[in-house]
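Chemist: Residue numbers (my numbering), protein chains in the order written: chain D, 1 to 159; chain X, 1 to 447.
Note that these hints are calculated values from the structure, not bench results. None of the values given here were measured: they were computed from a predicted structure. Heads up, some of the hints might be wrong.
Cross-link-like lysine-lysine pairs, in silico, DSS-like; alpha carbons within 27 Å at most [unchecked claim]:
{"no.": "1", "chain 1": "D", "residue 1": "LYS123", "chain 2": "X", "residue 2": "LYS422"}
{"no.": "2", "chain 1": "D", "residue 1": "LYS123", "chain 2": "X", "residue 2": "LYS27"}
{"no.": "3", "chain 1": "X", "residue 1": "LYS422", "chain 2": "D", "residue 2": "LYS7"}
{"no.": "4", "chain 1": "X", "residue 1": "LYS399", "chain 2": "D", "residue 2": "LYS8"}
{"no.": "5", "chain 1": "D", "residue 1": "LYS85", "chain 2": "X", "residue 2": "LYS399"}
Okay, here's what each chain looks like letter by letter:
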Amino acid sequence: MDLNYLKKIIKMLDESNLAELEIEEEGTKLKLSKPRPKIAATSYPVQFTGQPVQDISPKPATETVEKKETKPQEEAIPENVVEIKSPMVGTFYAAPSPDSEPYVKVGSTVKEGTTICIIEAMKLMNEIESEVSGKIVKILVENGQAVEYDQPLFLIEKI
Amino acid sequence: MIEKILIANRGEIALRIIRTCKELGIKTVAVYSTVDKNCLHVRFADEAVCIGSGDSSASYLNIPRIIAAAEITAADAIHPGYGFLSENAEFAEICKDSNLIFIGPEPEQIRQMGDKIVARNNAKNSGVPIVPGSESPISSLEEAEKIADEIGYPIILKAAAGGGGKGMRAVREKSHLEMALQIAKNEALSAFGNDDMYIEKLIESPRHVEIQILADTLGNIIHVGERDCTIQRRHQKLLEETPSPFINDETRLKMEEASINLAKSINYTGAGTVEFLVDKNMNFYFMEMNTRLQVEHPVTEAVYDVDFIKEQIRIADGLEISKKDIHLNGHSIECRINAENPDNNFMPSPGLITAFHTPGGYGIRLDTHCYAGYVIPPNYDPMIAKLVVHADTRDEAIKRMLRALDEFVIEGVKTTIPLFQKILTDKKFIEHDYDTNYLEKREEIEV
Numbered sequence: 001m002d003l004n005y006l007k008k009i010i011k012m013l014d015e016s017n018l019a020e021l022e023i024e025e026e027g028t029k030l031k032l033s034k035p036r037p038k039i040a041a042t043s044y045p046v047q048f049t050g051q052p053v054q055d056i057s058p059k060p061a062t063e064t065v066e067k068k069e070t071k072p073q074e075e076a077i078p079e080n081v082v083e084i085k086s087p088m089v090g091t092f093y094a095a096p097s098p099d100s101e102p103y104v105k106v107g108s109t110v111k112e113g114t115t116i117c118i119i120e121a122m123k124l125m126n127e128i129e130s131e132v133s134g135k136i137v138k139i140l141v142e143n144g145q146a147v148e149y150d151q152p153l154f155l156i157e158k159i
Numbered sequence: 001m002i003e004k005i006l007i008a009n010r011g012e013i014a015l016r017i018i019r020t021c022k023e024l025g026i027k028t029v030a031v032y033s034t035v036d037k038n039c040l041h042v043r044f045a046d047e048a049v050c051i052g053s054g055d056s057s058a059s060y061l062n063i064p065r066i067i068a069a070a071e072i073t074a075a076d077a078i079h080p081g082y083g084f085l086s087e088n089a090e091f092a093e094i095c096k097d098s099n100l101i102f103i104g105p106e107p108e109q110i111r112q113m114g115d116k117i118v119a120r121n122n123a124k125n126s127g128v129p130i131v132p133g134s135e136s137p138i139s140s141l142e143e144a145e146k147i148a149d150e151i152g153y154p155i156i157l158k159a160a161a162g163g164g165g166k167g168m169r170a171v172r173e174k175s176h177l178e179m180a181l182q183i184a185k186n187e188a189l190s191a192f193g194n195d196d197m198y199i200e201k202l203i204e205s206p207r208h209v210e211i212q213i214l215a216d217t218l219g220n221i222i223h224v225g226e227r228d229c230t231i232q233r234r235h236q237k238l239l240e241e242t243p244s245p246f247i248n249d250e251t252r253l254k255m256e257e258a259s260i261n262l263a264k265s266i267n268y269t270g271a272g273t274v275e276f277l278v279d280k281n282m283n284f285y286f287m288e289m290n291t292r293l294q295v296e297h298p299v300t301e302a303v304y305d306v307d308f309i310k311e312q313i314r315i316a317d318g319l320e321i322s323k324k325d326i327h328l329n330g331h332s333i334e335c336r337i338n339a340e341n342p343d344n345n346f347m348p349s350p351g352l353i354t355a356f357h358t359p360g361g362y363g364i365r366l367d368t369h370c371y372a373g374y375v376i377p378p379n380y381d382p383m384i385a386k387l388v389v390h391a392d393t394r395d396e397a398i399k400r401m402l403r404a405l406d407e408f409v410i411e412g413v414k415t416t417i418p419l420f421q422k423i424l425t426d427k428k429f430i431e432h433d434y435d436t437n438y439l440e441k442r443e444e445i446e447v
């Protein structure tokens, strides 16, 4: 496939109102499609099927080892349940000290501003407060686990 | 020996560092902001930690979060890349206090060169020619006027805490001084949090030539040639090459010697670059020293066969520089391809890249974090890729670059590729008849 030819076709499609273009000649088939632009790309929109197949996207690495993020739960969260996410990077502790009772358990009731856990970073203990009043539905991380920014920590059902 | 490095940066340089680490068997940790979830460095590192929201102050400039990320991943060293915290002495200090190796010079060395006024004095004291100017921050308009009169117009106002071309204003007449000072101070305060200003003579028709330095902790300090970065727009480099087509061998030797003397005078360790302005009579003047790796390091890597990241890690490990005898081989040019529209005043053009076909073949190197389907976020610098060519001669390098630019297909965002195609076919460029005002002059002609 002649690169200049390809460039011209892409430009043509880009500048037109067409969503899709399919060309077949001399045993080569070329199909170009142009979906509506999205803000967050989750796929590689422009598909080339022709000779040779050109895969210009990088292969995502076989899921890299030891990614410390916990994947958020796949089931949809009910509307009155709020995810409390980590506002910082550090180590999650459920209790104020190794011998104490944890701040909260599943079923505990909390008010907005109640301390629900500690995140430790650079030798400093940071008390993390609940953003809402409600009942702890689920604790998503374990004591001593490393957490990153925005990592979901608790599910709280608003009362 | 360092076993795990956290890269406190993003984009192409983060990828660059990860690549060498992989080859050396060193584990890597990427940190990223929420808008950089799909950035390539996150995928290629062994581990990744989200450290904050898109705003740089909440993420890539946020020292506690970066240190915390190093703690939870048990990294033993941090590589700061360029920009962001790479020349932040406080960060280097905190790394030390947190038992983390900062891959770069000592905090004190960063301080000596970070404050531009202190740096000028250091240069003066080690016999490096400096541009005539003020010895200390100017305290008043009256003082500014007095110094400007002494030096003689045209002069340039510069931010003491500055860099990257911000907080600078050229002044050609006394009547413009007051307003220029006001504007420059505001810009400096906003960009660096510090509005201390100093004055320098404005060198007419200058070329920007810099010397690369490498120094280990065992007493070896070498230069690794020069780079000519004269093609700039608003003090931002666009194209760099080595060797410089402008300076002669005598000047070259003097500049190399001056740079090594300066590095020795502050017991410098690590990679660093001493930047000079060279006037049409081959007089060279110290501008500043960058105590970090430069964006344009690949052109030096090409002609001297060096891996700077590897050398930086060796130095951080207390080992010797692996290449003490350097040999120049050929010519190299780099084009910084940005997501900007050269036909619309370089308006940034972030967004979804819909097609990305990269150039290849003999003598081509491409450092990029972009790919088809990637969304260039608006929060950071607009760089898409660094396209680097290596050839036997400058003429061949120019032809090779033009060939590569022709192959480079980027759709979905505007890029500065057409600008480079114009520059590299311009007679003035080919005959190296230009100075740092080249692009501004062209813009006038073109309009």
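Chemist: Would you list, in rising numerical order, the hints stated earlier that this structure does not obey?
Modeler: 1 and 5
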